[in-house]
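Asks: Numbering (the UniProt record's numbering), first residue to last: 1 to 127.
Derived from the structure by calculation, the hints contain no laboratory data. The beta carbon of each residue, even a glycine, is placed where N, CA and C say it ideally should be. The reader is advised that the hints may include incorrect statements.
Okay, the calculated beta carbon distance ranges per label pair [as the list claims (entries may be wrong)]:
hint : residue 1 : residue 2 : range
1    : 67        : 108       : 47 to 55 Å
2    : 38        : 67        : 46 to 54 Å
3    : 18        : 59        : 32 to 40 Å
4    : 106       : 74        : 41 to 49 Å
5    : 57        : 14        : 30 to 38 Å
6    : 73        : 94        : 28 to 36 Å
7    : 59        : 29        : 41 to 49 Å
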Amino acid sequence: MIHMPAPRPLSIAALLLGVTLFAGCAQFPELDRTITPELEAAPYPNILPIDPLLAQATAGRIDPVQTEAELSGRAAQLEARAGRVSSNRIDTTTAARVARLRARAERLRQQRLTSDERERLAQTPAL
1 MIHMPAPRPL
11 SIAALLLGVT
21 LFAGCAQFPE
31 LDRTITPELE
41 AAPYPNILPI
51 DPLLAQATAG
61 RIDPVQTEAE
71 LSGRAAQLEA
81 RAGRVSSNRI
91 DTTTAARVAR
101 LRARAERLRQ
111 QRLTSDERER
121 LAQTPAL
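All chains should be modelled from the sequences, with the hints used to inform the complete structure.
Replies: Pasting the structure below:
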């Protein structure tokens, strides 16, 4: 088995210096030539105050208090509407039709039931 000695601090420093020098010799792209003459001649943009920009940024956000108030109002409107729908009086024509259908359903039930079943149903309390 071959035993390798631990690297010396001087050899580590020499390695880092060599890598640094090698990286310094690399050729970088010419970034100075990427700006067109029109951009070089253009004036600097105007500096705007930050307060109007912040106001615009917060204008689109959801306000929880306002949203809760709107949703609570909408829920109250829907509950009131549901109450009006369920409390509407049935006109006489509809009431008569419902009564006829209930009577017909009772006759059909009685025809299908045996006498024992009728007695049991009569004794059982309605739910």
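Asks: When you take the CB atoms of residue 106 and residue 74, is the distance between them in 41 to 49 Å?
Replies: Roughly 43 Å apart at Cβ, these two residues keep to the hinted range, so it holds.
Asks: Between residue 67 and residue 108, does the C-beta distance stay in 47 to 55 Å?
Replies: 53 Å, holds
Asks: Given a hinted range of 41 to 49 Å, is it respected by the beta-carbon distance of residue 59 and residue 29?
Replies: Because 43 Å falls inside the window, the suggested range holds.
Asks: Lying within 28 to 36 Å: is that true of the beta-carbon distance residue 73 to residue 94?
Replies: This hint holds: roughly 33 Å between Cβ atoms.
Asks: Should the hint that residue 38 and residue 67 are 46 to 54 Å apart at their CB atoms be regarded as holding?
Replies: Between residue 38 and residue 67, where Cβ atoms are some 48 Å apart, the hint holds.
Asks: For the range 32 to 40 Å, tell me whether the beta carbons of residue 18 and residue 59 fit it or not.
Replies: 58 Å, violated
Asks: Does the Cβ-Cβ separation between residue 57 and residue 14 fall within 30 to 38 Å?
Replies: Given about 54 Å between the Cβ atoms, the range is violated.
Going down the numbered hints, you'll see the structure goes against 3, 5, while the others check out.
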